[in-house]
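Residue numbers (UniProt numbering), protein chains in the order written: chain A, 1 to 809; chain B, 1 to 140; chain C, 1 to 112; chain D, 1 to 495.
Check the hints yourself; a few may be wrong.
Some chain B residues well away from chain C (every beta-carbon gap over 10 Å; in silico) [to be verified]:
{"hint": "1", "residue": "Y66"}
{"hint": "2", "residue": "I76"}
{"hint": "3", "residue": "V124"}
{"hint": "4", "residue": "I131"}
Derived lysine-lysine pairs resembling BS3-like cross-links, with alpha carbons at most 30 Å apart [what the hints assert, rightly or not]:
{"hint": "5", "chain 1": "A", "residue 1": "K453", "chain 2": "A", "residue 2": "K160"}
{"hint": "6", "chain 1": "A", "residue 1": "K799", "chain 2": "D", "residue 2": "K360"}
{"hint": "7", "chain 1": "A", "residue 1": "K160", "chain 2": "A", "residue 2": "K577"}
{"hint": "8", "chain 1": "A", "residue 1": "K799", "chain 2": "D", "residue 2": "K367"}
Derived from the structure by calculation, the hints contain no laboratory data. Each residue gets a CB set at the ideal place from its N, CA and C atoms; glycine is no exception.
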Amino acid sequence: MLLSLLHIAIIAPFLFALVIPFFYKKIPSIHTGWFVLILPTVIFIYLLTFIPTISRGETVTQLLPWVPSLGINFDIHLDGLALLFSLLISGIGVLVILYSIYYLDKNKESLHNFYFYLMMFMGAMLGVVLSGNLMVLYVFWELTSLSSALLIGYWYDREKSRYGSLKSMLVTVSGGFSMLAGFSLLYVITGTFTITEIIAQVDTVAASGLFIPTMILVLLGAFTKSAQFPFHIWLPDAMEAPTPVSAYLHSATMVKAGIYLVARLSPVFSGSSEWFWIVSGFGLFTLLWGSFNAVRQTDLKSILAYSTISQLGMIMSMLGLGSAAAFYGYEAGYTAATVAAVFHLINHSTFKGSLFMVAGIVDHETGTRDIRKLGGLMTFMPITFTISIIGAFSMAGIYPFNGFLSKEMFLESMVEATHITSLNMASLGFIFPLVAWIASVFTFIYSMILVFKTFTGNYQPEKLDKKPHEAPIGMLIPPIILVGLVVIFGFFPNILAHSIIEPAVQSIYPYGLTGVEHFDVHISPWHGFTPALFMTVSIVAVGVLMYLTLTKWQKIYTFLRLHQKDPVNYIYDGIVKRVVPVAKRVTKVPETGLLRDYLAYMYIFLIVAVVFTLYHFGGFAIETANVAEIPIYVWVIVAVIAAAALLIPFLKNRVTAIIATSFVGFLVALLFVMFRAPDLALTQLLVETVTTALFLLCFYHLPELRNEKSKPTFKWTNVIISIGVGVLVTTMALSSLALKSKKGFESIANYFLENAHDFAGGDNVVNVILVDFRGMDTMFEILVLGIAALGIVALIKLKLNGKEDINEK
Amino acid sequence: MKNNVSLHTMTRIAVFIILSFAIYLLLAGHNNPGGGFIGALMTASAVVLLYISFDLKTIKNVLEFYFPYFIGTGLIIAIGTGISSMIFGYPFLTQFFTHAHLPILGDVELTTALVFDIGVYIVVVGVTLLIITTIAEDDV
Amino acid sequence: MEILIALLIGVLFSVATYLLLTKSLLRIVLGTVLLSHGAHLLILTMGGLGQGAAPLLGQEAGSYTDPLPQALILTAIVISFGMTALLLVLTYRTYKAHQTDDLDQLRGRLDE
Amino acid sequence: MSNLLVVPFLLPMVVGAVLIFFAKHHRLQRIIAGLTGIALFVFSIYLTYRVYQSPEQMIHLEVGDWRAPFGIVLVGDMLSILMVLMASFVGLVCLFYGFKTIHIERERYYFYSFFFFLLTGVNGAFLTGDLFNLFVFFEVTLISSYVLISHGGKKFQLRESFKYVVMNMVASAFFLVAVAYLYAITGTLNMADLGDRVAMLDQQGIINVIAIIFLFVFGAKGALFPLYYWLPKSYYGPPAVITALFGALLTKVGLYSLIRTFTLIFNQNPAFTHTIILVLAGATMIFGVLGALSKFDIKSIIIYQIISQVGFMIMGLGVFSADAIAGSIYYITHDMVVKVALFFIAGIIIQLTGTADIRKMGGLLKKYPLLGWSFFIAAMSLVGIPPLSGFFGKFSLIVSSVGEGQYVIVGVALVVSLLNLFSMLRIFMNVFWGEETDITFALSNEQVNGLLRTVIPLIAVTIALGLGAEPAFQYVSAAADQLMNPTHYIDVILP
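Build out the structure end to end from the sequences listed, making use of the hints.
Here it is as structure tokens:
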């Protein structure tokens with residue numbers, strides 16, 4: 001199977017990333033960004049060519065097996081939703097790179113790192129949205145987390161960058177892991193990772209007992225990525241990244257991956273009330289929380305971060321609401337929420353992207369983003385001011401910008417929600433328009449703060465590091481293009497309707513339509529005197545009022561203890577701060593450094609496991625039938641061995657202890673004689689002699705044995721463990737023997753007795769086994785001896801000093 | 001103990017006897033108790049006896065052996081018997097034996113297992129003596 | 001017979017374990033020696049004791065004891081000889097380097 | 001019959017023996033050692049190919065021409081031959097890293113001989129089909145490790161080596177004990193024959209206890225909870241290359257033996273025995289990662305990561321399905337590569353900065369980007385970030401566990417993975433990120449690059465194993481199918 005061009009569009013950024021360091025090093029005179037700019041432009045234009053196909057309601061599928069053994073295939077599925085996202089990714093990518101060329105100084109910054117990460121991100125993001133296979137989607141998903149974390153930590157010598165990077169990584173990857181579990185469950189239920197095939201089995205999924213856990217696990221992934229409450233906390237800290245990154249990843253594209261996932265999997269899950277409530281509920285709360293908290297921020301980028309959180313919540317809530325269409329049919333007004341979601345997603349990318357760029361310009365030109373220091377910049381930066389006013393007004397939902405239209409549609413669908421009669425909506429439905437209204441008021445307020453605190457009011461030159469002036473034209477072009485779109489979409493929304501929005505909505509409702517039908521998306525600014533219009537009017541009125549009286553009621557944040565940090569951060573910080581101390585404590589307790597303790601754990605594990613198993617299965621037996629007459633001398637020897645052994649722990653004199661141990665060894669040799677093992681007896685005798693000599697050589701200079709000063713519990717634990725081990729070994733020996741006599745498998749040893757003479761030419765069967773039947777054992781047994789001897793030489797003669805790995809070569 | 005003539009004489013005789021016995025054990029191992037390992041320990045104990053009755057340095061000057069080489073040599077001999085069977089297309093470590101009629105000795109059994117056992121013998125002699133001398137030499 | 005030896009093996013294992021659980025270098029080493037004695041005896045016992053002659057075919061006895069456990073033990077003895085020798089020297093060097101035979105003082109700190 | 005099977009352990013043994021004669025000629029030693037390492041690796045590739053292509057996908061050799069179960073039989077099936085291949089690869093890389101880092105005095109005291117003897121034991125343990133012979137190879141491996149771990153005789157080394165040796169001697173004694181019991185009951189030592197005869201026993205109580213004793217023995221070598229406590233400190237003692245070799249190979253021998261015996265012999269009561277394994281797997285993951293989090297010493301952290309990863313490696317065995325075991329095998333393969341890379345990098349960092357404390361370092365990325373990114377990739381692979389090899393290992397374990405309904409272990413594995421991520425990021429952010437400290441670098445750039453040359457192939461392998469996961473998974477799936485059909489193994493060995 002050959003790579004299609006779409007595959008190449010995903011892979012190309014990764015390959016291109018690899019050559020970026022080369023451009024950076026070899027052609028330092030030209031800003032690396034110019035080279036980088038080429039690729040997304042090409043990809044964007046290439047993707048544009050798909051619009052006719054997709055708007056006809058067709059989809060493009062390209063198959064490429066990757067790891068078919070695991071059901072992972074690099075299949076591409078390009079439909080309306082995927083096209084919308086991939087255009088956003090490549091299109092905004094172009095603008096952001098252009099912007100970054102002016103934002104990042106080629107002489108001061110590690111551009112190769114920056115563009116490497118950025119290209120990696122772009123490829124990964126395209127992979128997420130174009131993949132038709134859940135696991136490939138996951139692969140790219142994690143890569144976006146990774147590249148995002150690297151970009152946040154781009155200025156890695158700053159403490160805050162590292163903090164933000166770690167946080168984003170931990171939060172999004174934990175979501176990713178739970179998503180992985182969710183996808184695995186989906187795989188187990190449906191037997192495939194291919195998204196279209198999963199959607200085809202929607203009934204199987206719904207009938208599965210694992211439906212709810214699967215859904216929740218998948219949603220955790222989406223929520224962490226799209227910064228839904230309470231996982232939103234990583235996003236404000238992600239603002240430590242260079243501003244082009246914030247504009248690109250943390251507002252326009254990556255954070256929308258969660259939205260994408262929810263939309264993409266809506267056909268699978270949306271038939272359940274749980275999905276409806278979780279998605280819209282979390283969305284609404286996030287909308288409220290984000291907008292409420294944005295107002296208290298003083299840093300331009302923080303305001304934008306919370307604003308993004310809030311807007312993401314809004315889109316999420318609309319997607320949740322749209323899922324009601326699965327219950328009520330598609331022609332009803334419910335799909336309007338989904339249309340609004342898709343439309344707003346586009347609009348948000350335009351106005352938020354431009355606002356971030358404005359924040360970057362302000363930062364770049366004044367050296368600060370703190371609105372307490374800013375003000376009155378209008379005269380210095382008129383173009384920037386114009387851009388920001390368009391962007392902010394669109395965000396606030398003011399006519400005639402695109403934000404107004406989607407906001408209006410949002411409010412409309414929220415009002416519509418109160419008409420749903422099932423899903424407990426009869427009693428709880430009022431929440432939707434209420435939250436929407438409140439949140440919109442706050443949205444209005446922070447939008448105003450953003451523009452007017454920065455550009456109007458008193459100019460405070462003493463608080464600024466440098467004298468502000470208008471940004472270079474290259475830095476202005478990208479936001480101008482974006483706000484241009486804000487205006488164009490505001491006046492001519494329907495250029496998007498059929499080409500982009502409709503196919504995208506169709507992807508979210510694949511069952512809503514028969515093959516020939518289409519969603520008829522018409523977006524118009526005027527709907528008559530609808531409740532939505534009244535809501536908008538009242539939002540603006542109340543918003544203006546509250547903006548003007550801001551100082552009067554802003555103390556509420558202090559009262560609610562929201563003024564320092566987001567309360568959810570206490571949880572995150574608390575956990576992260578405690579992990580290491582807890583780990584230390586848990587590790588310290590068992591790791592005493594005392595060999596005895598480590599051995600005790602081993603023995604206790606052994607005893608407990610064996611006793612448990614014996615108890616569980618039974619199996620203890622003892623065979624007394626053929627108890628042979630035991631000669632008296634065996635009794636004596638056994639008694640003496642036992643006595644000598646038992647004596648050893650009590651001996652204080654080291655030489656006596658060594659001799660007593662050897663004595664046991666010699667008596668064991670004697671036992672070998674009794675049991676007709678002459679070779680063994682001989683060997684044991686000789687080995688015992690040599691060992692004893694070695695003992696005496698080595699321990700001659702050691703101190704005498706002491707009475708161990710230990711607590712009685714220590715001693716008695718040892719005694720109990722020791723007895724336990726002895727009992728265990730004996731019990732098992734007896735049981736094995738009993739089983740042996742019962743089962744009576746023929747031992748392989750008889751073969752040796754029969755064949756030693758004729759086929760191995762030896763009469764001493766033990767020796768024949770050693771050198772012939774099992775000669776391999778012997779060969780490696782002498783290797784053990786050899787290693788031991790050489791090791792002893794090394795131990796005695798090689799005496800290095802110092803710490804390891806240091807000062808060695 | 002250096003000038004203890006009677007001890008030295010005794011030792012010489014004892015060492016001779018022990019060494020002969022050790023060789024016997026090595027060669028007889030295939031049919032009677034014994035074998036390379038036992039023979040080697042016997043041999044080593046003879047040498048140790050020498051060390052004890054004379055002193056280490058004297059003996060080292062007489063027996064200029066470098067024991068680590070024993071280990072290497074023995075291992076290679078043992079492996080060699082295994083490999084030689086492979087050369088003839090048999091599985092690794094296949095042992096062969098044959099009976100030969102030699103003048104004076106009469107019917108003698110020749111086995112490759114004996115060569116293997118000699119390898120074992122050399123390793124173990126080397127090991128034992130290396131260990132003992134190394135420890136003993138280490139100035140305490 | 002097997003029962004008696006099995007009991008003896010139990011005693012050897014108990015004593016060995018007790019010695020291993022002490023804090024003295026020498027006692028621990030002695031413990032490993034007893035442990036291997038116990039294990040070797042166990043192998044022999046598990047092959048069955050007391051029936052037949054030593055496995056020397058030259059004796060032409062009616063039945064022989066099981067030669068396989070004997071061969072295994074021989075291998076095991078040789079191996080444990082090597083291990084014991086190495087452990088002895090290691091112990092000796094540890095003692096020389098640290099000037100103590102008390103494992104309490106050989107714990108080491110947690111943050112090394 | 002195929003004498004090829006003896007080469008993986010015989011070649012290192014011969015070379016190890018030969019090198020005794022050249023102990024004082026370190027240059028010659030290096031040349032011989034290097035060539036042997038290459039030869040062994042090339043041969044292992046060939047052998048793997050032979051096994052994979054053979055009709056049974058398994059070749060065996062009846063050593064000494066004594067038929068099984070009477071003689072010792074060597075078995076190269078898909079699993080064992082893969083382990084041999086990986087051991088040879090890891091050994092080769094370690095050798096070249098060793099050339100650059102090992103103190104000349106160590107080389108004079110038989111370092112390379114011990115190195116090859118260790119490989120002898122490891123490869124032998126992978127290939128033998130006889131339980132007692134496995135013991136012998138274990139001992140070869142262990143005594144080599146005893147020597148290598150104390151090699152150099154530094155104070156710290158001696159103290160911790162003593163504990164290491166004693167713990168392992170206890171485990172070895174119980175190995176003998178368990179073999180003795182099994183021999184009493186079944187009258188055989190050949191593993192295929194054991195599998196056959198154990199299956200015929202209707203009384204499983206005693207067999208399960210013996211299984212538990214083997215779990216204890218192999219678990220102690222394989223560093224399972226609560227048997228791993230000897231590991232953290234003792235592995236810290238020797239130089240990085242030895243720690244790498246141990247981390248990659250020693251614990252794997254224990255795990256390999258667990259997988260072998262618990263698929264071939266102790267497969268009668270998986271609901272009981274394998275559940276215990278699963279519990280231990282979870283506990284090992286958790287305690288391992290907590291250990292890693294408790295340390296600020298880069299080498300210690302990675303040592304604890306050995307333990308944590310062991311949990312993942314036996315998770316598949318505990319779940320006990322073909323897919324899960326395939327996941328385990330893949331994971332073991334991946335871990336060998338990544339662990340060595342991490343230890344090498346840690347070794348370079350420690351040599352470079354003269355400290356192992358990550359709190360004392362900072363900003364290394366600026367001067368040593370290649371080192372930093374090598375670490376980053378290896379770390380992310382360890383954590384299981386796609387598309388690196390670690391991801392596919394974790395993924396297949398998780399999917400198969402979910403498929404078997406083992407949700408708890410999946411949860412544990414994912415939480416532990418997150419903590420792994422935290423612990424690895426902590427290193428990266430402290431060492432490579434952050435402000436530059438006033439550390440003076442003890443190595444020249446050429447030296448660092450020279451050392452990195454041994455790391456790069458490992459990094460390349462972890463990427464290749466990830467991107468090219470398909471052939472790897474075809475292989476490990478076939479290996480796992482083989483393991484889950486022990487009758488096939490038994491039929492081949494005992495026709």
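According to the definition I'm using, a residue is off the interface if its beta carbon is farther than 10 Å from all beta carbons of the partner; does I76(B) meet that for chain C? For I76(B), whose nearest Cβ neighbour in chain C is about 19 Å away, the distance exceeds 10 Å, so it holds.
Any Cβ of chain C at or closer than 10 Å to V124(B), or is the non-interface label fine? violated (8 Å)
Please work out if K160(A) and K577(A) have their alpha carbons no farther apart than 30 Å. Holds, at roughly 15 Å.
Given the proposed pairing of K799(A) with K360(D), does the C-alpha separation stay at or below 30 Å? holds (29 Å)
Take a quick look at I131(B) and tell me if its Cβ sits farther than 10 Å from every Cβ on chain C, holds or violated. violated (5 Å)
Against the 30 Å threshold, does the CA-CA distance of K799(A) and K367(D) hold or violate the hint? Violated: K799(A) and K367(D) sit about 35 Å apart, past 30 Å.
Straight-line alpha-carbon gap K453(A) to K160(A), limit 30 Å: holds (25 Å)
Does the claim that Y66(B) lies off the interface hold, with its Cβ farther than 10 Å from every Cβ of chain C? With a cut-off of 10 Å, Y66(B) remains clear of chain C, as the shortest Cβ separation is near 19 Å.
In this structure, the earlier hints numbered 3, 4 and 8 are contradicted, and the remaining ones agree with it.
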